[in-house]
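We have chain A already, so just place chain B on it with the hints.
Here is what each chain is made of, one letter per residue.
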Amino acid sequence: MNFVKVPGKNRKHKVLLYALSTCAWCKMEKQFLKDSSVEYEYVDVDLCNEKEREKIRGDIQRRGGDLNYPTLIINDKNLISGFHKDRIQKALEI
Amino acid sequence: MITLEKVRQRAESDAKTYGYYLQPDPEFLSNLLEGLKQNEERYGYPLCPCRLASGKFEFDRDILCPCDYRDPDVLEYGCCYCALYVRKDMFEGKNPITPIPERRPFEKQARAYGIVIETPREKPSKTAAQVAKTPSGVKLKLWYCKQCGYVVFREDPPYVCPICKAKREMFAEIEKPTQDC
Numbered sequence: 192m193n194f195v196k197v198p199g200k201n202r203k204h205k206v207l208l209y210a211l212s213t214c215a216w217c218k219m220e221k222q223f224l225k226d227s228s229v230e231y232e233y234v235d236v237d238l239c240n241e242k243e244r245e246k247i248r249g250d251i252q253r254r255g256g257d258l259n260y261p262t263l264i265i266n267d268k269n270l271i272s273g274f275h276k277d278r279i280q281k282a283l284e285i
Numbered sequence: 009m010i011t012l013e014k015v016r017q018r019a020e021s022d023a024k025t026y027g028y029y030l031q032p033d034p035e036f037l038s039n040l041l042e043g044l045k046q047n048e049e050r051y052g053y054p055l056c057p058c059r060l061a062s063g064k065f066e067f068d069r070d071i072l073c074p075c076d077y078r079d080p081d082v083l084e085y086g087c088c089y090c091a092l093y094v095r096k097d098m099f100e101g102k103n104p105i106t107p108i109p110e111r112r113p114f115e116k117q118a119r120a121y122g123i124v125i126e127t128p129r130e131k132p133s134k135t136a137a138q139v140a141k142t143p144s145g146v147k148l149k150l151w152y153c154k155q156c157g158y159v160v161f162r163e164d165p166p167y168v169c170p171i172c173k174a175k176r177e178m179f180a181e182i183e184k185p186t187q188d189c
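As given, the protein sequences belong to chains A and B, one line each in that order. Residue numbers for the first sequence follow the working numbering, so the first one is 192 and each next one is one higher. Residue numbers for the second sequence follow the working numbering, so the first one is 9 and each next one is one higher.
Hints listed in this document are in silico derivations from the structure and should not be mistaken for laboratory results. Keep in mind that the hints are not guaranteed to be accurate.
Pulled a few chain B residues facing chain A out of the computed Cβ check, cut under 10 Å [stated by the list, open to error]:
hint, residue
1, 59
2, 92
3, 123
Here are the simulated lysine-lysine pairs, PhoX-like style, with alpha carbons at most 25 Å apart [to be verified]:
hint, chain 1, residue 1, chain 2, residue 2
4, A, 221, A, 281
5, A, 242, A, 268
6, A, 276, B, 102
7, B, 24, B, 175
8, A, 276, A, 221
9, A, 246, B, 64
10, B, 173, B, 96
11, A, 246, A, 205
12, A, 225, A, 205
13, B, 24, B, 14
14, A, 276, B, 96
15, A, 242, B, 64
Glycine is no exception: its CB is placed at the ideal position from the N, C-alpha and C atoms.
Chain A with its partners taken away, still in its complex shape (with noise of 0.2 Å):
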């Protein structure tokens, strides 16, 4: 799977983003994150193949997340689906 690494100075959390690489919503997220300076990996989902988005379908609702985009996954527990930047803001204490 095509993980990227966007680079930054925060590095508290352990953060995984599970995006779209056409939607709005996730491109928001993604600069968002970077902003902050947070260190992030993401797949853009659209771009994996179907063994692969099987996978990423297991880790989401593994979770109790729904299949919805941008998804992002702190410290392989905390799931918060959609763009919420209050609940992403408290949750990674930025």
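Chain B in isolation, oriented as in the chain A frame:
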């Protein structure tokens, strides 16, 4: 090749027809239109940029922009799932535009992950079976709008009639071919 300007014009004209407005933030709007353009180039049809597509037309037809869920979403939340189409009060900044819940049923979303969940359905009508045989497992039916007579051949009736704006409840399935004529 489809140009960004064409995508913009199409959205503008559609918003005007239905009394909606386009996303007021120019950068957000431009990202949405760019996503639509990319999807049209990739799949051959203007798929919702904010949803995961299967790439198979019969599975994705409900999320062709403007999607099936736009009208009820704009009505309930003031914007569509992507926030491309918004209501006047949102356009004027009287209410904030925030992410809204997904209305698309899970079994339709799951198809983009290679899973086809069969929901219990009635047998398709004879007419529907005669009109087309679909190999994908999607059961298409003929629906008509009781208010204006609009007929559509698809899995479920639309949320809103694209012609007269009648609600989904006004759609009925065409059960039998007409014998009288």
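Hints and how they fare:
The interface hint given for residue 59(B) is met, as the beta carbon of that residue sits about 8 Å from the closest beta carbon of chain A, less than 10 Å. At a threshold of 10 Å, the smallest CB-CB gap from residue 92(B) to chain A is about 8 Å, leaving the interface hint in force. A cut of 10 Å between beta carbons decides the hint on residue 123(B): the least distance to chain A is about 8 Å, and the hint holds. Distance hint between residue 221(A) and residue 281(A) is fulfilled; the C-alpha atoms sit about 17 Å from each other, no more than 25 Å.
A threshold of 25 Å between alpha carbons decides the hint, and for residue 242(A) with residue 268(A) the separation of about 22 Å falls inside it, so the pair holds. The straight-line distance between the Cα atoms of residue 276(A) and residue 102(B) is roughly 19 Å, inside the 25 Å bound, and the hint therefore holds. With a CA separation close to 20 Å, the supplied pair residue 24(B) and residue 175(B) stays within the 25 Å bound. Taking the CA atoms of residue 276(A) and residue 221(A), the gap is near 11 Å; set against the 25 Å cutoff, the hint holds.
Annotation: proposed proximity of residue 246(A) to residue 64(B) holds, straight-line Cα distance about 20 Å (limit 25 Å). At roughly 18 Å between alpha-carbon atoms, residue 173(B) and residue 96(B) fall within 25 Å of each other, so this suggested pair holds. Proposed proximity of residue 246(A) and residue 205(A) is supported: the alpha carbons are some 19 Å apart, at most 25 Å. A hinted pair counts as satisfied when its Cα atoms are at most 25 Å apart, and residue 225(A) with residue 205(A) qualifies at roughly 14 Å.
A distance of roughly 15 Å separates the Cα atoms of residue 24(B) and residue 14(B); the hinted pair therefore holds under the 25 Å criterion. With a C-alpha separation of about 24 Å, the suggested pairing of residue 276(A) with residue 96(B) holds against the 25 Å cut-off. Of the pairs offered as hints, the one joining residue 242(A) and residue 64(B) holds, with about 17 Å between alpha carbons and a cut-off of 25 Å not exceeded.
Violated hints for the displayed structure: none, as all numbered hints are satisfied.
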